[in-house]
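Chains L and A supply the protein sequences, listed in that same order. Per the working numbering, residue 1 is the first one in the first sequence, and the count goes up by one each step. Per the working numbering, residue 1001 is the first one in the second sequence, and the count goes up by one each step.
Just so you know, the hints here were simulated from the structure itself, not pulled from any lab data. Quick reminder that beta carbons are idealized off the backbone N, C-alpha and C, glycines included. Treat the hints with caution; some may be incorrect.
Cβ-Cβ distance ranges computed for the label pairs, FRET-style [said to hold, decoys possible]:
(1) L:ILE133 - A:ILE1368: 37 to 43 Å
(2) A:ILE1453 - L:GLY25: 20 to 26 Å
(3) A:ASP1348 - L:ILE133: 40 to 46 Å
(4) A:LEU1009 - L:LEU86: 52 to 58 Å
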Amino acid sequence: MIRNTDFLTAVVLFVIGAIFLSDGGEDIKDWAFPLLATYVVLVGAVFFAAKFLFATMRGRVADLIEFDADHKLAAKDVFIFLVVVLIYMSLMRTIGFWPTSVVMLLVLSIYLTLEKTRQNMTSAILAPIITCIIAYLIFTHVFYVPFPPGTIWPD
Amino acid sequence: MYEGLMLALTPSYLFWLTLGVMIGMVVGTLPGLTATMGTALLVPFTFALPPGAGIAMLGGLYVCAMFSDAIPACLVNTPGTPAAMATAFDGHPMVQQGRGQEAIVGACFASAFGTLFGATCYLLLAWPMIAVALKFGPSEFFWLGIFALTIIGSLAGDSIVKGLAGGAIGLLISSVGISHGNEVARFTFGVPEFRGGVSLVAGLIGVFAVPQVLAMVAELRKKEYIAEYKPKGGETFKTIKKVLASPVNIIRSGVIGSFIGILPGAGSPIAALVSYNEAVRWSKDKSQFGKGDLRGVTASEIANNAAAPAAMIPLVTLGVPGSSPAAVIAGALMLRGLNPGPELFQSDGTLVFSFGWSLMIAGVVTFILGSLFAPLLVKIIRIPLRLLAPLIMVLAVIGAYAIRNNIFDVYFMLGLGIFVFLVRRLGFHPGPIGLGLILGPIIEPSLVQAMYISDATSVWNVFFTGTVNLILIALSVLSIAFVVWTRRKDKIAAREKTAAAQSAMADETE
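With the sequences and hints as input, model every part of the structure.
Now the structure itself:
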């Protein structure tokens, strides 16, 4: 997808370095370790920035980002997947972990089932329900992991 | 020792041990459930059993969880526990090549061997090994962590600078929270939840599982499954033969795992990483590491399993647990009125030795169960991606949440996962980021403690004197030099190959 990534890499590393440089203190014992790691990130950023500059000066085509139709479809799938996951995470505390998990799994399984044949749809509906029941039994009743029960339900 | 063996072989002991192994299989396989959590949950059940049978059950769980964490690591590139991170480097590519059964059986056999190796050290070499371990202070742990960091050279992929930067990003993320020196809040950016630091397990799930799930979604329209899988007869014996074909790798990994296992605080993850690094360094053909080399899986699994019984050595010799599950087992012993330490050897030597034998038997039981279930487990990769991707996502959420029951860990996992998914497109390997996350909590406290000690003497005296320090510094320097040298050699070889191909093409055109 990305042919020459030096410029983008340098930008990402500079941003990370800047974020971690923005916090600091006086006692070296508290800050020596993260400072050293930040300098490594910044040295990396400088390295890739220099590499990009040299490539540009020599007239090489740098940072050619190519998106064909397949990439667009893949990006769309990933985006929708992430949106559903984010909605799931935001509703988890209100509606409860297990109901939202079942709904999220159902929605995603159905969306990701490209060939919506009867057999595929049956598996897309049954697999999430069965998985959630098994996971609920194992985590809640065997290992006693307390998941968010949801705030909208009566006690 | 003989009485201990007889005790360990009694049917009731074997039954409880096997039950512990079976629970360990579940605990290790599910991301978010750790061996520590499993042993802690099992402690109340051991009260109804004789002390020996109870700790045999806990030991069985611990040993088996150290194997079964390799199952999700290989199949879906999601280490069940941090100790299986190095297993995923080669295990998952093996699965993608349709060699899933080989990966699981290889990990299982390697785990069994590692357990036997570690348990033998426990039974025979506990006292001499602990004498060496006592020489490890903060500066030695610091250098051990630096030595483990040199594994970046093997993981960096095409760009060593990206590997180093990735490792530094992992270290930076691990330093979020209260500092080890004056307890100052660092990099919290006004988010109170960050004051408690980031969860290692949530971080590792974010680094490995979430990008994997997103990659599955991105590839959904091109392929239906993770990989094709056709069960083959006789795969178990063939794999064992392959593992045994590298005897030096096996012994070296066992020695590394056992030694690092006895160092309190170091544990299985460091053992596996150092062992993997050494397997790469000493191998004649390095080209397949990271692309599906069985030796990578075995090096990691032998070491992390050898570290498990070895972590019991400081417990029974000094009363100091070598790992978190060992601390839980110490608690289980203390609740029964048995104080772990030198006096336990004198007052109840049979129990101490029966535990060593039980760990050994647990290794064998793990192998039997693991090889029986391997063909069944590998079928996971035949689950269509359209169903598998959301399922792993839910398991990732469960795993991130279950460790600290904190919803913020889930958000952190997702954020880190998206970040790693994006930087993977820029050529960053997730391995160094995960490595930084694991090693940060080991290196930084050691560095700070050593700095406090150096206030009383000098930095030179603390960090650069002492036999162990000098050995570890020399090993780190040699490791870095070796990485530079091999990369240079590979580059020259690749250049020569390209030149030869170009001249051959030119000849053909003429």
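- Task: Starting from the hint list further up, note which numbers the structure goes against and sort them upward.
- Result: 1
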